[in-house]
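The listed protein sequences correspond, in order, to chains Y and F. Going letter by letter, the first sequence gives residues 1 to 403 in my numbering. Going letter by letter, the second sequence gives residues 1 to 120 in my numbering.
Note that these hints are calculated values from the structure, not bench results. Owing to the predicted nature of the structure, the values given are computational and were not obtained by experimental measurement. Hints are supplied without guarantee of correctness; some may be wrong.
To be verified - Partial pick of chain Y residues on the chain F-facing surface, computed with a CB cut under 10 angstroms:
1. 124
2. 126
3. 136
4. 222
5. 272
6. 291
7. 293
8. 312
9. 314
10. 315
11. 316
12. 353
13. 359
14. 361
Idealized CB from N, CA, C, for every residue including glycine.
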Amino acid sequence: MTTAEVPSSGTQTIASTRQVTVLLVDDQFIVSEAVRRMLSEESDIQFHYCRDPTEAIEYANAVSPTVILQDLEMPELDGLTLIKFFRANPSTHEIPLIVLSTKEEPTVKAEAFSIGANDYMVKLPDRLEMVARVRYHSKGYIAQLERNEAYRKLAESEKQLAEEVGEAAKYVRSLLPDPIRLGPMRVDWRFLPSTQLGGDSFGYYWLDEDHFAIYLLDVSGHGVGASLLSVSALNVLRSQTLPNTDLKDPGQVLRGLNNAFSEELHNNKYFTIWYGVFCKSTRELRWSGGGHPPALLFNGSQREESRLTQLKSCGPMIGIMPDVPYISQSVVLEPTAKLYVFSDGVYEIRQVDGEVWQFDEFVNYLCAAPVDAPVMDQLLIHIRDLQGSEQLDDDFSMMEIDW
Amino acid sequence: MIITQRSEQGIDVVEISGRLLMADVDEARSSLKTIVTEGNGKLVLDLGQLSFIDSSGCGVLIAALKYIRMREGKIALCALTRNVRALLELTKVIELFSVFPTTDAALEAFADQSGDPKQA
Numbered sequence: 001m002t003t004a005e006v007p008s009s010g011t012q013t014i015a016s017t018r019q020v021t022v023l024l025v026d027d028q029f030i031v032s033e034a035v036r037r038m039l040s041e042e043s044d045i046q047f048h049y050c051r052d053p054t055e056a057i058e059y060a061n062a063v064s065p066t067v068i069l070q071d072l073e074m075p076e077l078d079g080l081t082l083i084k085f086f087r088a089n090p091s092t093h094e095i096p097l098i099v100l101s102t103k104e105e106p107t108v109k110a111e112a113f114s115i116g117a118n119d120y121m122v123k124l125p126d127r128l129e130m131v132a133r134v135r136y137h138s139k140g141y142i143a144q145l146e147r148n149e150a151y152r153k154l155a156e157s158e159k160q161l162a163e164e165v166g167e168a169a170k171y172v173r174s175l176l177p178d179p180i181r182l183g184p185m186r187v188d189w190r191f192l193p194s195t196q197l198g199g200d201s202f203g204y205y206w207l208d209e210d211h212f213a214i215y216l217l218d219v220s221g222h223g224v225g226a227s228l229l230s231v232s233a234l235n236v237l238r239s240q241t242l243p244n245t246d247l248k249d250p251g252q253v254l255r256g257l258n259n260a261f262s263e264e265l266h267n268n269k270y271f272t273i274w275y276g277v278f279c280k281s282t283r284e285l286r287w288s289g290g291g292h293p294p295a296l297l298f299n300g301s302q303r304e305e306s307r308l309t310q311l312k313s314c315g316p317m318i319g320i321m322p323d324v325p326y327i328s329q330s331v332v333l334e335p336t337a338k339l340y341v342f343s344d345g346v347y348e349i350r351q352v353d354g355e356v357w358q359f360d361e362f363v364n365y366l367c368a369a370p371v372d373a374p375v376m377d378q379l380l381i382h383i384r385d386l387q388g389s390e391q392l393d394d395d396f397s398m399m400e401i402d403w
Numbered sequence: 001m002i003i004t005q006r007s008e009q010g011i012d013v014v015e016i017s018g019r020l021l022m023a024d025v026d027e028a029r030s031s032l033k034t035i036v037t038e039g040n041g042k043l044v045l046d047l048g049q050l051s052f053i054d055s056s057g058c059g060v061l062i063a064a065l066k067y068i069r070m071r072e073g074k075i076a077l078c079a080l081t082r083n084v085r086a087l088l089e090l091t092k093v094i095e096l097f098s099v100f101p102t103t104d105a106a107l108e109a110f111a112d113q114s115g116d117p118k119q120a
């Protein structure tokens, strides 16, 4: 046992105290000597003694005991009141407290427990019992401190991770083009990254004066890794650096992406993509899809008479099988046409009852929406209702192109 | 989701039943990886009791395909339910696999060396 009767000048942090440390508060010096002797053979137990109960809190704050022993009858301060003080003081409110008293009445013991004592010993117990109880309570408290510390570190790392994901989401958002609100072709979109980031990204731009490219991709998995891969694919498209690829030919673009990424993607990574090119002079929309949900085209001579066509994928996801012969398909747009391109995050919604909303239900929902309704905003409200929470499990990415 | 495995004629038959959703992905992928690593490169996935699959679950089947391909083995899907078939068709993943109406039909095709199951 090591003994220290004078509080150290610095304040120890509780979490760094791992040694069994006893603080005895008792006005009788002889009791302190008796306890000191009991613990004297235990080399790993540090003993502190505070004779004045009015200084006990300050003393405890300084020495950070792993267990407090205290008397109930002291002239300067009633022992039960001192227990309350210990419990009210933030740095001692969880430290195990053993009452060491001459009183044997059950009512006194019960009251001590009711206001926060953890144990009770009648003065003076056998040395073996004293050491055993001191060790038992200290061990539990030290384990609790270690758990708290581990939890704090975990919370810190989760916070850091959330910040990184937030940064990645901000970066993805910065790469997304502005909506096109005026002109013969309007493009609007909604992008709500999930807390984990789902790896969605999209873009559109004029390839030349006559051809407008539209694409949306979704990388498998979640997290910063999925998001960075998504951005990497987006940059390949934006920089127009796919070798030997005519960007006006969607099938060629998907074959080019598949060749570029098949070798690169590991650890079960792949992505789905829908890629379309609109030719202004012919009103032809050519598209190709790799494992992606169909884009939905409402095509008609008038808004009220538009028919739904599903512009489906013609091959599996990008990056899982080399040499997939993705082809281009095409459709001619009528005077009024509206196209929705989206990721699976807009319809694979886990509902409150555990069932999953499915693609067909999503299609029916869009078909039932009134003409010119703000469909994307209404859909967001609807799926939040379905899942019973604001936060989405997957990225919500949806583009609406209106001719 | 429940995964059970048995061996028939030296071929691993793995039944995935219940629902295969995002929450099951890690467990399912890890089980299939172990089965493929320890097996002899022939895998039949019996999905007759798989009532629902989402995009993440679809990724599990793709993972199984990749594990088998690393071993230059063969893989087949059988007994697809309506929901599962719908998603595999929507994503065109179905084109990557040989698909059979029953486990027996898949086993028969495996047994016949000139049979249908695709060399992954």
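Hints numbered earlier in the text: which of these fail when held up against the supplied structure? 1, 2, 3, 12 and 14
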